[in-house]
Amino acid sequence: MLNRIEFVISEALVALSRNRLMTLAAVSTVAVALFLFGGMGYAYYRVDKYAQTIPGKFKMLVYMRDGATKRQISDTAKQIRAMDGVSTVHLVPKGMAWEKWKIEHRSGLTEGVDNPLPDALKVVLSDLGKSERVVTSIEQLPVVAPENGVRYMKDEQNFVEGLLTILRGVGIIVGGILFVTAGMLIYNAIRLTVLSRRLEIRIMQLVGASRGTVYIPFLIEGMLQGVIGAIVASGLVVAVYAAFNWLVQTRIDAGYIASAFPYSEVIGMLCTAGATYGILCSILAVRAPLKYR
Amino acid sequence: MQSPHLSFENVEVKYTDLVYGLGEVTLVVQSGEFVFLTGPSGAGKSTLLKLATKEVQPTSGGVLLNGREIGHVKAREVPAIRREMGIVPQDFALLPRKRVYENVAYAMRAVGNSKKEVRRRVPEILQQVHIAHRADAFPHELSGGEQQRVAIGRALVNDPPLLLADEPTGNLDPEQSWEIMDLLKELNRNGTTVVVASHDMMVVTRMGERVVSLNQGQIVADMAATSNLQDVLPMNLPNDDWPEMPLLETVPSEEENA
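Note that the protein sequences, when read in sequence, are chains S and A.
So the first sequence is numbered by my numbering: it starts at 3 and just counts up by one.
So the second sequence is numbered by my numbering: it starts at 53 and just counts up by one.
Think of the hints as simulated: they come from the structure by calculation, not from any bench.
Be a bit skeptical, because a hint or two may be false.
Pairs of lysine-lysine, DSS-like flavour, derived with a Cα cap of 30 Å [what the hints assert, rightly or not]:
(1) S:Lys-102 x S:Lys-51
(2) S:Lys-293 x A:Lys-237
(3) S:Lys-293 x A:Lys-126
(4) S:Lys-72 x S:Lys-124
(5) S:Lys-61 x S:Lys-132
(6) S:Lys-124 x S:Lys-80
(7) S:Lys-51 x S:Lys-124
(8) S:Lys-61 x S:Lys-96
(9) S:Lys-124 x A:Lys-66
(10) S:Lys-80 x S:Lys-132
(11) A:Lys-150 x A:Lys-66
(12) S:Lys-293 x A:Lys-150
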């Protein structure tokens, strides 16, 4: 068994070393396709998660001054609820907000740190057209924090929504096209290898090598092309992750702290996808030409 | 007592409705026999061999190897059938970038032999086919006869009881042809059943073995071995002074066929 495995792997490596240019083309296309499909998918997921943490267009957060009493907060809530254009007002206690923040970010930064968050009110608007007036009215209330007391991120929401649309569009359309192209390139690379190794294949078939011995080197070749492409794609995803954090921190929220990047999950997922896709394309490519004859 | 090694029973190969490869051929090759399949191009010699090697499926009829029907077995069973025979292709099919030793070793590794087994068996095989002295040569450094020896050696990696050779002297000069026939005869004497497709009538008649003549997909003559021919014409001495052989009359020339 070990002899066969050793032979099959050595054959796969020989196959990879032939048609280097075609292999390079297949690997790079797989990388870009996986990056766009998988990497953009991951970026979309992260942006979406971020979007969920900022108030929606109909929502705003009103932060209370330090030391505001429950009575004061309750009175403020009533005043806001009475404003024209406001639908509902709910209290977000600072203890609950801090626990949620710690769970979402899971970074060691929160250890031993006192809760820096203030109590807040979550305000839901009934009329977007009156949002500016509502914001102005709330900012004048005495218990509301004087600086950045109202967190209403309509423009930011629009920006994030636009970003999500771009990521979705680019990921699905361009990634999809490239994925098909990558498949065709792997298919062609394997076909070329089959062609360049037809004498070896013929000899193996003449002496009665098992079908696995004849087939598997080509499947390994396809799988390796997919995996190498996936590793390159993983590098691109990490770069996008860093770029995204930079973008958010510089353009939206300087205090934004990115959650830890799940390196092993992303690399594992992309490599599995690349390997599966490579093997599938190889199976399609070798089915007919390697038929025992 | 003889036992059938390879049998074709009313076997027919039809490529299309109009193109026949073989038409209802029945032939039995006994274990340990040496059989020539002769006839002009397109007579069906190679098709018969390909039926045995499972490169061609019979349209009807049966092909039996050691009594087992192999005509319609599933593709996954073909490798095991191939390991029961040695196949010598007409074009040698040697790997140009591998040395003689490596060519045979490659085939052994492909069928799952360990490196240790390869190191033990390959020199034996090369000795058996009298090419051990050229073990380090590349195929392009060998003569046609030497290349054919390597191809025969490679066909022996499974130690097969049956050897099928398609035009083994097709690319060789007379002297090399005799050397190859000598080798095949030697293997036959050691118990290997040998079936050779050849249109080289000079070789066929001089060997004095059983000759099955085909024409247009049918067996037109089946002549038993006549060992006296070997005495008349020693195999290692090509001789242009040919006695007229009755077999020649049974095989129409290509011009007649056309």
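A quick look at each hint next to the structure:
Of the supplied pair hints, the one linking Lys-102 (chain S) and Lys-51 (chain S) holds, its CA atoms being roughly 14 Å apart against a limit of 30 Å. A hinted pair counts as satisfied when its Cα atoms are at most 30 Å apart, and Lys-293 (chain S) with Lys-237 (chain A) does not qualify at roughly 33 Å. Proximity of Lys-293 (chain S) to Lys-126 (chain A) is assessed by CA-CA distance (about 12 Å); at most 30 Å being required, the pair is judged to hold. For the hint linking Lys-72 (chain S) to Lys-124 (chain S), the alpha-carbon distance of about 15 Å falls within 30 Å, and the restraint holds.
For the given pair, Lys-61 (chain S) sits about 12 Å from Lys-132 (chain S) by alpha-carbon distance, which is consistent with the 30 Å threshold. Distance hint between Lys-124 (chain S) and Lys-80 (chain S) is fulfilled; the C-alpha atoms sit about 12 Å from each other, no more than 30 Å. For the hint pairing Lys-51 (chain S) with Lys-124 (chain S), the CA-to-CA distance comes to about 19 Å; that is within 30 Å, so the pair holds. Simply put, Lys-61 (chain S) and Lys-96 (chain S) have alpha-carbon atoms about 18 Å apart, close enough for the 30 Å limit, and the pair holds.
Between the alpha carbons of Lys-124 (chain S) and Lys-66 (chain A) the distance comes to roughly 83 Å, so the proposed pair goes past 30 Å and is violated. Pair hint Lys-80 (chain S) plus Lys-132 (chain S) holds up; C-alpha atoms about 18 Å apart against a cutoff of 30 Å. For a cut-off of 30 Å, the pair hint linking Lys-150 (chain A) to Lys-66 (chain A) is broken: about 39 Å separates their Cα positions. Of the supplied pair hints, the one linking Lys-293 (chain S) and Lys-150 (chain A) holds, its CA atoms being roughly 25 Å apart against a limit of 30 Å.
The structure is inconsistent with the numbered hints 2, 9, 11, although it conforms to all the rest.
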